[in-house]
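A.B. asks: Sequence:
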Amino acid sequence: MRILQLHCDYIEYTPTKKEIKMAEDIENPETKRFEEIVVVFVAIEDDDDSSVAQNAISQIKNSMEKIGCKKLLLYPYAHLSSNLAQPSIAMTLLKEMEDNASDLEVSHSPFGWTKSYNIKVKGHPLAESSKVITKDSKDNKEITSEALKGESKIRSYWKIMSLDGTMVNMADFDFSNHKKLEILSKYESAKQRRVDEPPPHVALMKKMTIADYEPASDSGNLRFYPNGRLIKSLIEQYVTDRVKEYGGYEVETPIMYDSEHPSMVSYFNRFPARQYNIDSDGKKLFLRFAACFGQFLMANQYQLSYKNLPFKLYELTRYSFRREQSGELVGLRRLRAFTMPDCHSFCKDIDQAIDELKIRFDLSKSVLHELGIDESDYEMAIRFTEDFYNENKSAIEELVKKHGKPVLVEMWKEKFFYFVLKWEFNFIDNMGKASALSTDQIDVENANRYGIEFVDENNKTQHPIILHNSPSGAIERIIYVLLEKAAKDIKEGKKPQYPLWLAPTQVRVIPLKEEFNDFCETLTDKISANNIRVDIDDRNESIGKRIREAEKEWIRYILVIGEKEVNSQNLSIRDRQTGNVRELGFYVFLKEINEQTKGKPFTGLNLSKHLSERPPLMV
RNA sequence: GCCAAUGUAGCUCAGCCUGGUAGAGCAGCUGAUUUGUAAUCAGCAGGUCAUGGGUUCAGAUCCCGUCAUUGGCUCCA
1 MRILQLHCDY IEYTPTKKEI KMAEDIENPE TKRFEEIVVV FVAIEDDDDS
51 SVAQNAISQI KNSMEKIGCK KLLLYPYAHL SSNLAQPSIA MTLLKEMEDN
101 ASDLEVSHSP FGWTKSYNIK VKGHPLAESS KVITKDSKDN KEITSEALKG
151 ESKIRSYWKI MSLDGTMVNM ADFDFSNHKK LEILSKYESA KQRRVDEPPP
201 HVALMKKMTI ADYEPASDSG NLRFYPNGRL IKSLIEQYVT DRVKEYGGYE
251 VETPIMYDSE HPSMVSYFNR FPARQYNIDS DGKKLFLRFA ACFGQFLMAN
301 QYQLSYKNLP FKLYELTRYS FRREQSGELV GLRRLRAFTM PDCHSFCKDI
351 DQAIDELKIR FDLSKSVLHE LGIDESDYEM AIRFTEDFYN ENKSAIEELV
401 KKHGKPVLVE MWKEKFFYFV LKWEFNFIDN MGKASALSTD QIDVENANRY
451 GIEFVDENNK TQHPIILHNS PSGAIERIIY VLLEKAAKDI KEGKKPQYPL
501 WLAPTQVRVI PLKEEFNDFC ETLTDKISAN NIRVDIDDRN ESIGKRIREA
551 EKEWIRYILV IGEKEVNSQN LSIRDRQTGN VRELGFYVFL KEINEQTKGK
601 PFTGLNLSKH LSERPPLMV
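Letter 68 of the first sequence, counting from 1, is numbered 68 in our numbering, and no numbers are missing.
Because the hints were derived from the structure by calculation, they are not lab data. Incorrect hints may have been included.
To be verified - In silico DSSO-like pairs for lysine-lysine, Cα to Cα no more than 27 Å straight-line: (1) Lys159 <-> Lys401; (2) Lys206 <-> Lys609; (3) Lys207 <-> Lys552; (4) Lys422 <-> Lys401; (5) Lys526 <-> Lys552; (6) Lys485 <-> Lys598; (7) Lys413 <-> Lys393; (8) Lys494 <-> Lys206; (9) Lys433 <-> Lys526; (10) Lys491 <-> Lys179; (11) Lys460 <-> Lys307; (12) Lys180 <-> Lys358; (13) Lys159 <-> Lys405; (14) Lys415 <-> Lys393; (15) Lys600 <-> Lys494; (16) Lys95 <-> Lys61; (17) Lys591 <-> Lys564; (18) Lys120 <-> Lys95; (19) Lys179 <-> Lys32; (20) Lys401 <-> Lys413; (21) Lys61 <-> Lys32; (22) Lys159 <-> Lys186; (23) Lys598 <-> Lys180; (24) Lys358 <-> Lys244; (25) Lys61 <-> Lys17; (26) Lys488 <-> Lys405; (27) Lys115 <-> Lys17; (28) Lys433 <-> Lys393; (29) Lys591 <-> Lys526; (30) Lys180 <-> Lys405; (31) Lys207 <-> Lys495.
Construct all of the structure, not just a fragment, from the sequences and the given hints.
C.D. replies: So this is what it looks like as structure tokens:
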């Protein structure tokens, strides 16, 4: 059975003529009109039986209860299916559905007639839905969280907060000096878009052999080539180092959970995610969409005193999974499987939570900066309940001051999610698309839900306040930002480049002739002993071609080795930033590189040192 | 998920409108070349035209379904 369910302001229909012999007899085929009604178009299919009809009507009743409508019109509609049941069976089942809904104001439009109709469907998100119901689909209903269903009910107000703490309605704000904030504001509130081409990082992620789509997986689950894996793992390492330095304990937790476990059930309903579901041996498992579960369940095992707080757990989730709508997936910006650093801080009260929030705010800003993303690249949004604002005005204003630019504010009349405040930094890309990077939340519910407790100064048991921080946002998204920024450079006629510490090859050595190969081996060994990724283009190609290809790989330093270099103490270094050749002593050169990569993690080449041994990757 | 566009050699693309032997450049292989800062030369090899069906004497080409990608819509805790 296929049904299309519409919540309508009104429907009018007029039976015009009998379509089949067995069409229902009706006394006077005149126009009928109903208002404030749920219209369900129904196609009964081959194989449908009474159980299907029962199932269908109970699903319909279920959703009608949610939208608070008590009037139902069943509208037989053959066009929904190409596999229709016999008309006699269809009529019986339709009648059965109607009988089973007698607690509602129910009617049906005549079966077997051609009808004309006029309909006005309501605009709310739950107004329209279609379902396919078959004999064995009874238990197969999509698990959708209450939060996802209810999200549309949130009432919120959009404002802009300036550095002095004043708030004006978004419509009254002068955006002329804040173009990116304007983009973000319209993006978030009015959902305005203005794009008509693919984002440039998608071509770049392939051309630079970083990542690619994997047709053999689900969409949004990407493959990372050696270059991409290297870049990604360095960023992962860097973010992890910073969180550990801040005081997070790094842990690892399972990627799948039992959705019927008591602590999951209620969390589900506060967390509007679409998840991957897996049935295994009768268990209904889902793939995690955040690190929260694992860390909360673990926090539960710690015996916490107020003296231990704030207590911080951290995991870099590889991966978190969200089954985003297929049309929403793009390159590295929006994925179904992504790597998310997630740090939870358990605080003894709101005051401590706010102090901690500020520290993590600075941490997030600093991490982004070191990754090559500055304030000019992103805009801040902050969301809070009206109550929280009234009680913590100055803390909120302080965050805005720290950001140094006006901020988009969403104020909720009442708490709908599990948090009372959430801020995020949104990168605005070349096409005017906004994507969230760093974020932090003040969670006042989950400690209770997960039974996380600490003992306070008075020997009383309390639930901590939990902060949820991702200092960088998804790692894939950081790569997306770096590539979008590179694309912007290309557009402006500048040379795109990697931050040196992330470059898959930092130095390329090109021997002029075969006879210099040995010299190059020795030289590269000396360079790589200093934690620098260096390789040798030992292919039998012209010097011009090998330089061109190094340029196309965005390799910062090129060393051509010939007669002159072999007989000199100095190196001839072609610096891609300027395109000029400089003569530098060996140690001066090392120092120049090491200064630029200071404080960043290092890992060795992820490809063979000799280009002659590398199979080209065609993407 | 909905609407639309796109899918031809490992890669980038031409051919499709108007049906009749599948084309180029790059990459690969073989050989020559040993090169001084963004493409050395020649030869060879390489294609279930995304996939499944239909129309036709004949389909890369026309029609329908499916998958993937991209754009718009919806969504983004």
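A.B. asks: Of the hints given before, which are not true for this structure?
C.D. replies: Failing hints, ascending: 9, 19, 23, 25 and 28.
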